[in-house]
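Engineer: Sequence:
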Amino acid sequence: MKSSRNTSTSGKPASGRRTSARKTKAKKKTTRTMPVWMRNTLALIVVGVFSLTFYYFVIRPYSYRWKECYGRKEYGVCIPCGYEVHGIDISHYQGNIDWKELKQNRETDFPLHFIFMKATEGGDHGDDTFKDNFEQARRHGFIRGAYHFFTPRTDALKQADFFIRTVKLDSGDLPPVLDVELTGKRPKKELQQNIKKWLDRVEAHYGVKPILYTSYKFKTRYLDDSLFNAYPYWIAHYYVDSVRYEGKWHFWQHTDIGSVPGIHHDVDLNVFNGSLEDLRKMTMR
1 MKSSRNTSTS GKPASGRRTS ARKTKAKKKT TRTMPVWMRN TLALIVVGVF SLTFYYFVIR
61 PYSYRWKECY GRKEYGVCIP CGYEVHGIDI SHYQGNIDWK ELKQNRETDF PLHFIFMKAT
121 EGGDHGDDTF KDNFEQARRH GFIRGAYHFF TPRTDALKQA DFFIRTVKLD SGDLPPVLDV
181 ELTGKRPKKE LQQNIKKWLD RVEAHYGVKP ILYTSYKFKT RYLDDSLFNA YPYWIAHYYV
241 DSVRYEGKWH FWQHTDIGSV PGIHHDVDLN VFNGSLEDLR KMTMR
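In this note's numbering, the protein residues as written are 1 to 285.
No wet-lab data here; the hints were simulated from the structure. This structure is a prediction, so every number in the text was calculated from the model and none was measured. All clues given are correct.
Result set (DSS-like, lysine-lysine): computed pairs, CA atoms no more than 30 Å apart in a straight line:
(1) K185 - K196
(2) K217 - K188
(3) K217 - K197
(4) K185 - K217
(5) K185 - K248
(6) K73 - K103
Generate the whole structure from the sequences, applying the supplied hints.
Structural biologist: Okay, here's the thing in structure tokens:
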């Protein structure tokens, strides 16, 4: 039988040979460390970029909340001084509205007199709340208006015709509104031509010049010329105490975070640049 022990050819147990470990000199790995000054510089750059980003997107848009209010506060915000006619604009984003409670805001120190409502967008998208909101606004005594959100990649005449089919304006309503906020990466001249097509078609149908809504920056970059200055202007200009636009304007949307009783979500607040009588003169005959 074979033994389970390891034996030599002579039958004697094999002697345990110790294998001497070869001492190998480990190669020292040279780790290159970044110089202290470079690490500090990189850290400062990272902190700087983060700080600027945080300020631009978080602090700056809301910094006006911490500024001292030199006028009076109402609806959760500082109300611009020197304006007697106030209003809001709404869409499906505001959800269901308690119109009886909303009407009570006509009896405050800053009564709401007018409401613009989103009616259409693009060539085929209607706002789900428009029909009811439009009827309720008239029923509860508000001066009402309707606006279209312009999409640059959709045929302008198709958009105009869709708005016309959707919105029936009556005597006492404000002129139709074109809301332009996007370029759709269209060349400036093409964008202007398409906007003018919408305005012309809608003016021909309703017999009144439409109101043009844009932000302050958009107006100065794309539509600040005599052609578009001929239209009543509704300017969106937030985080400022007064309008910086030097041209003529009729409405100023001064905040998008108003808190109005009867509406359970933030809402845009506006002022009219004139008296209540002036506003009524703007309405449809």
